[in-house]
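Listed below, chain by chain, are the residues.
4 protein chains.
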Amino acid sequence: MAEKTIRVGLIGSGFIGKVHSIAYGSLANVYGHSLPKIERVRLADVTTELAQTGAARLGWQEGTGDWRDITRAPDIDLVDITTPNYAHAEIAIDAARHGKHILCEKPLAHTVELARQMYEEVRAAGVVHQVAFGYHRWPAVMFAKELIESGRIGQPIQFRLQYLIDYALNPDMPLSWRFQKEKAGWGAIGDVGSHAIDLARFLVGEVSRVSAVSRTFIKRRPLPAEGDISFGVASYQDAKPAVYGEVDVDDATSFLLEFDDGAIGTIDVNWMAGGHDNEVNFEVSGERGAIRFNWQHANEIQLYCAEDHPERLNGFRTIIIGPLHPGAVPSLTVPGLGMGFTDAFLIAVKEMVDAITAGRPASPNFLDGLRACEVIEAVQEAAKERSWVEVKRSLA
Amino acid sequence: MAEKTIRVGLIGSGFIGKVHSIAYGSLANVYGHSLPKIERVRLADVTTELAQTGAARLGWQEGTGDWRDITRAPDIDLVDITTPNYAHAEIAIDAARHGKHILCEKPLAHTVELARQMYEEVRAAGVVHQVAFGYHRWPAVMFAKELIESGRIGQPIQFRLQYLIDYALNPDMPLSWRFQKEKAGWGAIGDVGSHAIDLARFLVGEVSRVSAVSRTFIKRRPLPAEGDISFGVASYQDAKPAVYGEVDVDDATSFLLEFDDGAIGTIDVNWMAGGHDNEVNFEVSGERGAIRFNWQHANEIQLYCAEDHPERLNGFRTIIIGPLHPGAVPSLTVPGLGMGFTDAFLIAVKEMVDAITAGRPASPNFLDGLRACEVIEAVQEAAKERSWVEVKRSLA
Amino acid sequence: MAEKTIRVGLIGSGFIGKVHSIAYGSLANVYGHSLPKIERVRLADVTTELAQTGAARLGWQEGTGDWRDITRAPDIDLVDITTPNYAHAEIAIDAARHGKHILCEKPLAHTVELARQMYEEVRAAGVVHQVAFGYHRWPAVMFAKELIESGRIGQPIQFRLQYLIDYALNPDMPLSWRFQKEKAGWGAIGDVGSHAIDLARFLVGEVSRVSAVSRTFIKRRPLPAEGDISFGVASYQDAKPAVYGEVDVDDATSFLLEFDDGAIGTIDVNWMAGGHDNEVNFEVSGERGAIRFNWQHANEIQLYCAEDHPERLNGFRTIIIGPLHPGAVPSLTVPGLGMGFTDAFLIAVKEMVDAITAGRPASPNFLDGLRACEVIEAVQEAAKERSWVEVKRSLA
Amino acid sequence: MAEKTIRVGLIGSGFIGKVHSIAYGSLANVYGHSLPKIERVRLADVTTELAQTGAARLGWQEGTGDWRDITRAPDIDLVDITTPNYAHAEIAIDAARHGKHILCEKPLAHTVELARQMYEEVRAAGVVHQVAFGYHRWPAVMFAKELIESGRIGQPIQFRLQYLIDYALNPDMPLSWRFQKEKAGWGAIGDVGSHAIDLARFLVGEVSRVSAVSRTFIKRRPLPAEGDISFGVASYQDAKPAVYGEVDVDDATSFLLEFDDGAIGTIDVNWMAGGHDNEVNFEVSGERGAIRFNWQHANEIQLYCAEDHPERLNGFRTIIIGPLHPGAVPSLTVPGLGMGFTDAFLIAVKEMVDAITAGRPASPNFLDGLRACEVIEAVQEAAKERSWVEVKRSLA
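Chains as they are written, first to last, in the working numbering: chain A, 146 to 541; chain B, 146 to 541; chain C, 146 to 541; chain D, 146 to 541.
Think of the hints as simulated: they come from the structure by calculation, not from any bench.
Hints are not guaranteed to be accurate.
For identical chains, the list gives no copy identity; a pair is met inside one copy or between any two copies.
[To be verified] Pairs of lysine-lysine, DSSO-like flavour, derived with a Cα cap of 30 Å:
1. Lys364 to Lys495
2. Lys326 to Lys529
3. Lys364 to Lys290
4. Lys537 to Lys328
5. Lys364 to Lys182
6. Lys328 to Lys364
7. Lys495 to Lys290
8. Lys328 to Lys149
Just need the whole structure built from these sequences, with the hints factored in.
Okay, structure coming up:
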């Protein structure tokens, strides 16, 4: 075993920082104690007070108002970045230069250039790096990948994915960093679209070129009363500030994809999709079958194989994910019991720990993060220029 | 009542001609006898023998090998065209010039130019004309339209539709006219895509421009042993001819849409979508809600209205179509009993008869058919040119 | 061909009489003209005026206020009975004694004794007889039966069925004959429960004994303003009469079944099941698999066969009913297009015509109707006596 | 805060002991550190070796071969019992007598008499007690309860529940204690049926009387090679022992319920229900609406309220459970992310800790456990005697 203890520093104590904290704290309980010990050493946030409160709340030994107390600290092995997008790069690069392993939220950065730098730095530093594409290692998705790889649906020909969520439907939702290009880089296409693109690449392959259309339907939103507001569900409902700011990112983007291997695809992302609470659904149509998935029924895969049965006896079958499927958490001892969002992050953290322990690359990693950003940027450019755009793959 | 009897001539005795025949024959039984009497006078097919056999089989008084015996016959009021695409225009134009009302299968023609001529002719002739877009007047769709019109979901912002079917998945499926550009005009984008485009226009509005990607995955198919073969399910399974021909139309096309009113959209059509037996699903996302539909559960509409309930009590609700909804057939006396494909054509024929009786235009009519062809052609051009293409609307 | 023309007389012009009329009128159109010609000769209702209006409305040559003008008429071959339950027996017996074939609505009679007499009479008369159990010959159900017979799920072990509908949920629904024991025999257990029992018998086998619980939740309902009111959806909504009558039949009944062959079962019927528009769902669990069906998605069968795939690849598969499945109507030329309620009656009438033509018994017939009544009666007795009751099978 | 630290002893290290261990270990991580500290002090199993291995594997400080080292230990506050059913009572009674709080797996005991004694002892001892009915506090179920309590569906009239699972479908599944009356008390009706009964009581109210039918379809199963085998998925697949033993508990049981308040119900349990991986579905029909739930889509509730909308706009709506609903785990920060089985036990342990901290009774507690056993026993007697059986409620 490469390391007996992995000492973690977390940067950011918002809603997703909370979920990461839970994952670190629960890892050994869920996966057993042969894993290295995870020590939640230090949490950083924008002020010392926020950090200390967050540390106490989320189970970290101490808090700091300066994230360099994490990226440069000798008592930290792994840096976990859950800040708004614009802060990822500086932190990650500093961490890499100080030899830290890094788990970074998605999208990897808010510009392609920064994402490229981040990847170059972690590669040069030889550290383990992962992007928190939580759907990538989700057991049903891993199983879909396995089914495709094993040829059960033949060569993929068409990929269709929709990522629909409605947290931005309410026009009173305040203008958080998510609605500002300067801070987020992109809107829905970056926020939920990065997941979508990662799934496309994972399941079908590299994206050659894209064509896109984007819209910002709500062009002005109320400024938050003070500071930044993460996308809490309840917080904005009482806030009726008089001052409005401009939204300069997309609310909805749809795009076409051509994959290197000849398949085509469509992705729709929309964070104003009324009635949808985080619906991620996709289908891979292949030459001999198809696979469907919908996060709303996240423990099921639907599989159709044209050759499995005579036509009159054939149809999509619903396979319920259980302990026989790849990556299921150990608490899922019986098929049909179901996993949830908490488990998704456990699985991601487990991969990080396994990669560090084995001294191997993690997956999905910063190269995947970079590739997603490159596609996002191509999509944005395609929407702006009203033309097909080749995805520029750097560092290939 | 404008006419006591409507004397019909049918051209084409294939699978869809059969469905039309059934609709004419059943109309009075289903809708009652206050309707004009429908007389199934004459059926035309490519040979006299085929036509006579078809007439006997499908309940027509006589058969003819020359469709002009219908378009020009004094004892015919309504010409119904169910031939392959390439034959629509000549027949329809001849019929219009002889003052016949016309019900024509989709797509209206196999070129935009012919579709335009057809519309000009019927307009000039003052006859009633309809395109057999069977989903357009389907009660659940009509209800969706009503819900949108009444503002229940606010202004539409994004439209997503998939028309997935797998009859062409089998590479042994013979090279019927549907796979030949010269005869069909287009592939999946014309065959099932014309329905998709009509639904987009009906529910959201006119399409301004499109970007598209198309693929022909199976580039060669066995030539049918003799003559043309409509897309029977069983017919091709035994046929293993040695001679192959080239497929020069699309198997799958995905495209982006911009609507005149600012909404965006995505349509995927694929006739090699394994596991899908005629799945047409769509969603209209609006500023205050959404509507979903799936032909596989064709008697249901799913509706979400953001303002209907507090968030914790809200969600898509499944409304089961019944006699209280628009256009339900009279035999649907109790909600939940369900309508099927047979009913869809009854509804179309009923509209034709009502329009003729009232001396009003039918809906959807040749202008809708022309508009669909214009969008199809723009999609094809966009796919070929790899660029956004403005939809050219003639005769606006 | 035994008979060139089948001359039909219909008794009852209510909502289900309308559906039967449509089926007769459409039969040749749908199934082709090799079938005997169906002549809709005469319709009877309680008054001459009602009958004549109904005849004109529903496509019958003439109307009569005396049903004996049908059961005893030399120009009638087939008597179709769609009256309230209490009138079935007298009419059917008279029809049988005059040599008429009979299609009778369900339940066969409103007492077991009458059902038994009816069966004895048709058997003695040698006429063809059918009970209008519309789900029995529904293609998805016929396919389920075929799958069970062929051993695909092994020996059936447990049957579970729910027939849920909510037309009686509204306490303002008037006290039609359906709510009166004297006229209907039974409540929900007779009305929708007769279908449920027929399905149980068809799919699993004869019922040995039952235990049951029944409730009448709405004990008094407003009397209809005048005459009898069939269960129209809209009719009662304006009616607010001051006078109430007593409901003496069940609103909901649940019962346990033991089958002759060792399987067990549960059936729930409830006509106050809020939110359900005619939901009939069942599952047959067998020793090696299971079959599920739900009328709300009536063109699908869900099949699980334990041996078909390794466990991690297995699951229920959804088979979409199409032309390859038993009993599909000829207008269903492509799988996935869907059939509806109109088709269900076409199929029933087709069976009647085929049986008459071939001189063979129809299925389901009066013996099935009698058996259903025997089970209904056992259920009612079991509920009343709070004890298991052996199903008495007469004429076995 | 009543206690700063809760010191736990776990008895049993099988698959469910593992899930409990995970819950204790993750509690603070998920719910935050204002909770009392949970110390996983000691684990007992049937041998010292098993216990020590289990302790190391599941995160307990030490292991013991004698459970009295837990029930009687001064350093233990809370005893968690996850043994086979037959061992619950002796352990729980000993724990109560030594003043320990107790969390016990379901069913509470393998006889009603022992369950009653257990309840008497915990009541006398004044300790906090809970039965691990994991569905009871599941957020969607808690929400269903809230909806019913608030009158949204009116007075419940009919309850229908199915608990279907197929782990016993394979006849090679060894004869573990679950298949032996002496050790388990009951079969499917005790194992999964205890959950079903608890849900019925929780949602609708006390059960007055029952009628039932039971079957043992596989009457002999192979003896496990050595010792007892918990119901692992993979373990039995290679074991093909030559020696068989008799199964003397039920594989499937269906029963009718009368509730004190006049509602009726049906419950089907079957652990040979092919294709079902732990499906628990129920519906409560009320006088003005209905609520549906299915564990396979465990983060959804379907709600129908007759008065919410005009009939043509009404239908079941699917409410996705999120942070606004009762009992959601804190990691579910955004609606639609989903919870799973791991979360269910966290919620149960959280209730235990809250009750201990507040010095209040837990829910569901041993009285609920006793009541469930009383109903189970009544069901078994009803099945055996073929008669309705009054549920005897002791200690009321």
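Each hint, compared with the structure:
| no. | hint | result |
| --- | --- | --- |
| 1 | Lys364 to Lys495 | neither (41 Å within a copy, 43 Å between copies) |
| 2 | Lys326 to Lys529 | within (14 Å within a copy, 33 Å between copies) |
| 3 | Lys364 to Lys290 | between (39 Å within a copy, 27 Å between copies) |
| 4 | Lys537 to Lys328 | within (23 Å within a copy, 40 Å between copies) |
| 5 | Lys364 to Lys182 | neither (48 Å within a copy, 48 Å between copies) |
| 6 | Lys328 to Lys364 | within (17 Å within a copy, 48 Å between copies) |
| 7 | Lys495 to Lys290 | within (19 Å within a copy, 37 Å between copies) |
| 8 | Lys328 to Lys149 | neither (38 Å within a copy, 43 Å between copies) |
The structure is inconsistent with the numbered hints 1, 5 and 8, although it conforms to all the rest.
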